[in-house]
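Q: In case you want the letters, here they are:
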Amino acid sequence: AQTVTQSQPEMSVQEAETVTLSCTYDTSENNYYLFWYKQPPSRQMILVIRQEAYKQQNATENRFSVNFQKAAKSFSLKISDSQLGDTAMYFCAFWDTGNQFYFGTGTSLTVIP
Amino acid sequence: DVKVTQSSRYLVKRTGEKVFLECVQDMDHENMFWYRQDPGLGLRLIYFSYDVKMKEKGDIPEGYSVSREKKERFSLILESTSTNQTSMYLCASSLGPSRGANVLTFGAGSRLTVL
Chain A
-15 AQTVTQSQPE
-5 MSVQEAETVT
5 LSCTYDTSEN
15 NYYLFWYKQP
25 PSRQMILVIR
35 QEAYKQQNAT
45 ENRFSVNFQK
55 AAKSFSLKIS
65 DSQLGDTAMY
75 FCAFWDTGNQ
85 FYFGTGTSLT
95 VIP
Chain B
739 DVKVTQSSRY
749 LVKRTGEKVF
759 LECVQDMDHE
769 NMFWYRQDPG
779 LGLRLIYFSY
789 DVKMKEKGDI
799 PEGYSVSREK
809 KERFSLILES
819 TSTNQTSMYL
829 CASSLGPSRG
839 ANVLTFGAGS
849 RLTVL
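Each protein sequence line maps, in turn, to chains A and B.
Just so you know, we're using the numbering used here here: the first sequence kicks off at -15 and counts up by one.
Just so you know, we're using the numbering used here here: the second sequence kicks off at 739 and counts up by one.
Keep in mind the hints are simulated off the structure, nothing from the lab.
Remember, predicted model here, so these are calculated numbers, not experimental data.
Some hints could be false.
[Claimed, not checked] Short, incomplete list of chain A residues facing chain B, as computed with Cβ under 7 Å:
hint, residue
1, Tyr16
2, Pro24
3, Gln28
4, Met29
5, Ile33
6, Phe48
7, Asn83
8, Phe85
9, Thr89
10, Gly90
[Unchecked claim] Away from chain B, derived, C-beta distances all over 12 Å, residues of chain A:
hint, residue
11, Gln(-2)
12, Thr4
13, Ser26
14, Ala55
15, Lys62
16, Asp65
17, Gln84
18, Ile96
[Stated by the list, open to error] Here are the computed distance ranges between Cβ atoms for each label pair:
hint, chain 1, residue 1, chain 2, residue 2, range
19, B, Lys791, A, Ser(-9), 37 to 47 Å
20, B, Lys751, A, Arg27, 20 to 30 Å
21, B, Asp776, A, Ser(-9), 12 to 22 Å
22, B, Thr753, A, Gln(-2), 37 to 47 Å
23, B, Asp764, A, Lys39, 42 to 52 Å
24, B, Lys751, A, Gln41, 32 to 42 Å
25, A, Gln67, B, Glu817, 36 to 46 Å
26, A, Asn51, B, Asp797, 22 to 32 Å
27, A, Glu1, B, Glu817, 27 to 37 Å
28, B, Arg747, A, Glu1, 29 to 39 Å
29, B, Leu853, A, Ala56, 42 to 52 Å
30, B, Arg752, A, Gln53, 20 to 30 Å
31, A, Leu31, B, Arg752, 31 to 41 Å
All C-beta atoms, glycine included, are put in the ideal place defined by N, C-alpha and C.
Kindly produce the complete structure, drawing on both the sequences and the hints.
A: In structure tokens, the structure reads:
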């Protein structure tokens, strides 16, 4: 079975600064996808960014980027120029191209004004 | 955009009562999921369905059942609630794996409190 580990239960960052959230995973698959989802307080979970394992280039979406290290099975999320609206739970997730997704336990990020 | 709608946002029930949580998606997704979210435990899969009338157990199916009579609708049933089922329940949907890269789309969640 696939496992996803987020070792930082809580993090904080000053507004306008940069923060990196860590995620590691374990799999024997060669073809898979990795995701970061964001869940703002009392709001719906939404997709932040997606990475396909066969692509070496790191995915980027505006202020959000990932550092994907396939050999190390690491998939960290970098948030640049942090904004108050970035305060949320962030979940790392893995899809093995089957029917299931696998989630980490989440990192609660607080952006401090 | 895909929309996933959960019928109840907040529920309060007494131990032993039956709970029926309904989830509807409007973009012809094959797969639908029910997760339970608890602090420090992340999202745990209760059941998923990859087709009408098909269901598969997830990691924590005990105490729950599901129904998928139509493609767009996936219901989670708690026949006799217990206090340890107090939680946030999230419904999600995705394309089937044969239809390319999958992304989960979530509903707003149903927060159940069992007294």
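Q: It remains to establish, for every hint, whether it holds in the given structure.
A: Here is how each hint holds up against the structure:
At a threshold of 7 Å, the smallest CB-CB gap from Tyr16/A to chain B is about 11 Å, leaving the interface hint violated. Evaluation of the Pro24/A hint against chain B yields a violated restraint, the C-beta minimum of about 11 Å exceeding 7 Å. Hint on Gln28/A holds. Least Cβ distance to chain B is approximately 5 Å, under the 7 Å limit. Interface restraint check for Met29/A: the shortest CB-CB distance to chain B comes to about 4 Å, inside 7 Å, so the restraint holds.
At a threshold of 7 Å, the smallest CB-CB gap from Ile33/A to chain B is about 11 Å, leaving the interface hint violated. A distance limit of 7 Å between C-beta atoms decides the matter here; for Phe48/A the minimum to chain B is near 15 Å, and the interface restraint is violated. Among the interface hints, the one on Asn83/A holds; its C-beta lies about 5 Å from the nearest C-beta in chain B, closer than the 7 Å criterion. Look at Phe85/A: its Cβ gets to within about 6 Å of chain B, closer than 7 Å, so that hint holds up.
Using the Cβ-Cβ criterion of 7 Å, the hint placing Thr89/A at the interface with chain B is satisfied: the shortest such distance is roughly 4 Å. With 7 Å as the threshold, the beta carbon of Gly90/A comes within range of chain B, its nearest partner Cβ sitting at about 5 Å, so the hint holds. Listed as a non-interface residue, Gln(-2)/A keeps its Cβ farther than 12 Å from every Cβ of chain B; the least gap is roughly 25 Å. Every CB of chain B lies more than 12 Å from the CB of Thr4/A, the least distance being 19 Å, so the non-interface label holds.
Under the 12 Å C-beta cut-off, the non-interface status given to Ser26/A relative to chain B is violated; the minimum distance is some 9 Å. Ala55/A, annotated as away from the interface, keeps every beta carbon of chain B farther than 12 Å; the closest lies near 22 Å. Non-interface status of Lys62/A relative to chain B is upheld: no Cβ of that chain comes within 12 Å, the nearest being about 21 Å off. With 12 Å as the threshold on Cβ separation, the claim that Asp65/A sits away from chain B holds: the shortest Cβ distance comes to roughly 25 Å.
With 12 Å as the threshold on Cβ separation, the claim that Gln84/A sits away from chain B is violated: the shortest Cβ distance comes to roughly 7 Å. Here Ile96/A stays apart from chain B, with its beta-carbon at least about 21 Å from theirs, past the 12 Å limit. Taking the beta carbon of each, Lys791/B and Ser(-9)/A are about 40 Å apart, inside 37 to 47 Å as hinted. The hinted window of 20 to 30 Å between Lys751/B and Arg27/A holds, with their beta carbons roughly 24 Å apart.
Distance hint check: the CB atoms of Asp776/B and Ser(-9)/A are about 18 Å apart, consistent with the given range 12 to 22 Å. For Thr753/B paired with Gln(-2)/A, a C-beta distance near 45 Å keeps the hint of 37 to 47 Å intact. A hinted range of 42 to 52 Å for the beta carbons of Asp764/B and Lys39/A is inconsistent with their spacing of about 30 Å. For Lys751/B and Gln41/A, the Cβ-Cβ distance of about 49 Å falls outside the hinted range of 32 to 42 Å, so the restraint is violated.
The supplied range of 36 to 46 Å is met by Gln67/A and Glu817/B, whose beta-carbon atoms lie about 44 Å from each other. Judged by the Cβ atoms, the range 22 to 32 Å given for Asn51/A and Asp797/B holds: they are separated by roughly 29 Å. The beta-carbon spacing between Glu1/A and Glu817/B, approximately 49 Å, falls outside the hinted interval of 27 to 37 Å. The hint said 29 to 39 Å for the Cβ distance between Arg747/B and Glu1/A, and at roughly 34 Å that hint holds.
With their beta carbons about 47 Å apart, Leu853/B and Ala56/A fall inside the hinted range of 42 to 52 Å. Between Arg752/B and Gln53/A the Cβ separation comes to about 50 Å, which falls outside the hinted range of 20 to 30 Å. For the pair Leu31/A and Arg752/B, the beta carbons lie near 37 Å from each other, so the given range of 31 to 41 Å is met.
Of the numbered hints stated above, those contradicted by the structure are hints 1, 2, 5, 6, 13, 17, 23, 24, 27, 30, listed in ascending order.
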